[in-house]
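Asker: So the chains spell out like this:
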Amino acid sequence: MTALRSLFTPLHGTALVMAIIGAILFFVLVFAGLHALPSRAKRSLTIAATFLAGLFYFLEFILPNNFGNTKGVGKDNFLSPAVSPLSDFLMVVGAMAFGLGLLNLIQIHGRALIRMRPGWHNAFIFFVGLIAMTAVGITHGNHPTAKGWTNAYDFLFSGLYQSLASSVFALLAFFIASAAFRAFRIGSVEATLMMVTAFIVMLGNVGSEVLTGWIPPDSAFAFLRLDTMTYWIMTTVNMSAQRALLFGIAMGELAIALRIWLSLERGHFFDQD
Amino acid sequence: MSFWTRRIIYIVFAVALSIPLVTNWQVTPDIGLEARQLYAAVERVPADKIILINQQYEATTIAENGPQTRALMAHMMQRGKRFAIIGLDPVGPGLGQQIAEELAKKYHRPYGETWVNLGYNLGTAAILKGLARDIPGTVKKDINGKPLSLFPVMKGVRTAKDVGLLIDVDSTSTYAVWLAYFTQPNQVPFAVAPTSVMVSDIYPFMNSNQVVGMLKGIAGAAQYERLADAPGQGYKNRMPVFMAHVTIILLILVGNVQEIQRRRKVDAEGAA
Numbered sequence: 006m007t008a009l010r011s012l013f014t015p016l017h018g019t020a021l022v023m024a025i026i027g028a029i030l031f032f033v034l035v036f037a038g039l040h041a042l043p044s045r046a047k048r049s050l051t052i053a054a055t056f057l058a059g060l061f062y063f064l065e066f067i068l069p070n071n072f073g074n075t076k077g078v079g080k081d082n083f084l085s086p087a088v089s090p091l092s093d094f095l096m097v098v099g100a101m102a103f104g105l106g107l108l109n110l111i112q113i114h115g116r117a118l119i120r121m122r123p124g125w126h127n128a129f130i131f132f133v134g135l136i137a138m139t140a141v142g143i144t145h146g147n148h149p150t151a152k153g154w155t156n157a158y159d160f161l162f163s164g165l166y167q168s169l170a171s172s173v174f175a176l177l178a179f180f181i182a183s184a185a186f187r188a189f190r191i192g193s194v195e196a197t198l199m200m201v202t203a204f205i206v207m208l209g210n211v212g213s214e215v216l217t218g219w220i221p222p223d224s225a226f227a228f229l230r231l232d233t234m235t236y237w238i239m240t241t242v243n244m245s246a247q248r249a250l251l252f253g254i255a256m257g258e259l260a261i262a263l264r265i266w267l268s269l270e271r272g273h274f275f276d277q278d
Numbered sequence: 637m638s639f640w641t642r643r644i645i646y647i648v649f650a651v652a653l654s655i656p657l658v659t660n661w662q663v664t665p666d667i668g669l670e671a672r673q674l675y676a677a678v679e680r681v682p683a684d685k686i687i688l689i690n691q692q693y694e695a696t697t698i699a700e701n702g703p704q705t706r707a708l709m710a711h712m713m714q715r716g717k718r719f720a721i722i723g724l725d726p727v728g729p730g731l732g733q734q735i736a737e738e739l740a741k742k743y744h745r746p747y748g749e750t751w752v753n754l755g756y757n758l759g760t761a762a763i764l765k766g767l768a769r770d771i772p773g774t775v776k777k778d779i780n781g782k783p784l785s786l787f788p789v790m791k792g793v794r795t796a797k798d799v800g801l802l803i804d805v806d807s808t809s810t811y812a813v814w815l816a817y818f819t820q821p822n823q824v825p826f827a828v829a830p831t832s833v834m835v836s837d838i839y840p841f842m843n844s845n846q847v848v849g850m851l852k853g854i855a856g857a858a859q860y861e862r863l864a865d866a867p868g869q870g871y872k873n874r875m876p877v878f879m880a881h882v883t884i885i886l887l888i889l890v891g892n893v894q895e896i897q898r899r900r901k902v903d904a905e906g907a908a
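Residue numbers (this note's numbering), protein chains in the order written: chain A, 6 to 278; chain B, 637 to 908.
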């Protein structure tokens, strides 16, 4: 465990540069070696790595406090000290996924732009956005007090991105309105019940004060207030249904987790080979 | 549905949404139990503990999650509560920073003294397990890359035990992960500020006291603004949502009346 911890100790200066170069060389060799392995061996290695990773978190969670911990501090068992370094490791792996995603986008849009495929102008806008936001974002991060870069960043992030994203999302309301007119039909008693319930909850959550706010909340008629009705629907009818759903989902998740952990999932990893 | 019917619906909807915005129609909200409980939970946080605000949303839901964040931060800054912004989404902490900076000027709360931004942290379960054990060891630097040890607000904050309340301002149901890996195993009080569509999912957790309070979308934000005496976007955005709901209900009713008329016509033609 001490050796593992020393791997995650921050380095500085020449040691940091050497460590980066060393890590790159090491992993180039590792990946070259893995690439040269036959499919069966790759599959076995992946299954073993998946199982061990799952086993670590499983054991760390279920082993009792102080189990195998000679220091005997708090809630730790002998695996607990590795949780933080492994979090760092997962962050690094996750960051690599971002890089892969970016490379993939550049590849797809680059090809569309070079070959002038239909919709190439979208690819062009993608590159303009990517380069502008990356350049301005990094420069602004390095010079947070420079007014010009701050203005450029605010224009791109707050002025363009935020406004565009929230506007596109807001358009959904118009589609919902149109869909409600076309599709929500009373065809049965159940559908009618659902519609009435939906009306009460919609009006009870926002603006119940306008419609039934005049009924005193401590009077005998308080149950007629929309917010009171909504609260009852949410905490009685909705909650029991939600609990049932949650139990079902949890059981499904448990089954899926076990299948992935034990590499039983069909089409898992190298099945396509 | 004809070409014109769809356009008429859009125009009616746009007019209905615009009326409260143009006329500045605002109605004082009745405060619900969920918002009142969250307010009380913030008040209960002792001075030696910090509040974590998870900013789990992007610009798409800023109309709801933005006012929620603003109302919560306004309350904390008024009362001098220590808080740290954090996010498992890359955009959320930046949006939270904008709101906090704006409020910090109003309430004279300089960055680093009573609040800090821990920025975006990649990952979910593993990160939360790491945070529970060692907050500065897992996050290390703030959103600007400065070591957390520089900020007085982080003094004495080591593990989940030093967190007095976690509030998840959420549009993606990440609350379940926080609940499973951070708040429940470490007995940290937990509150959620979800978008309106997520509200029904939270009630089972409120009933079991795993969630101590909730802000229900924009309505919850307005209620909290009233509690904190800081009226803002929550008050303003609530009435257009009310008008949207009323318009949708009217459209459903009109659609059904049309359908009934159509069925009667078909029956009458069949009988003839």
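In case anyone wonders, no lab produced these hints; they're calculated from the structure.
Careful, some of the hints might be misleading.
To be verified - In silico DSS-like pairs for lysine-lysine, Cα to Cα no more than 30 Å straight-line:
1) LYS742(B) <-> LYS152(A)
2) LYS152(A) <-> LYS741(B)
3) LYS152(A) <-> LYS782(B)
4) LYS776(B) <-> LYS152(A)
5) LYS152(A) <-> LYS777(B)
Bear in mind the structure is a predicted one, so any value in this text is a computation, not a measurement.
Asker: Hint numbers the structure violates, sorted upward?
Answerer: Every hint satisfied by this model.
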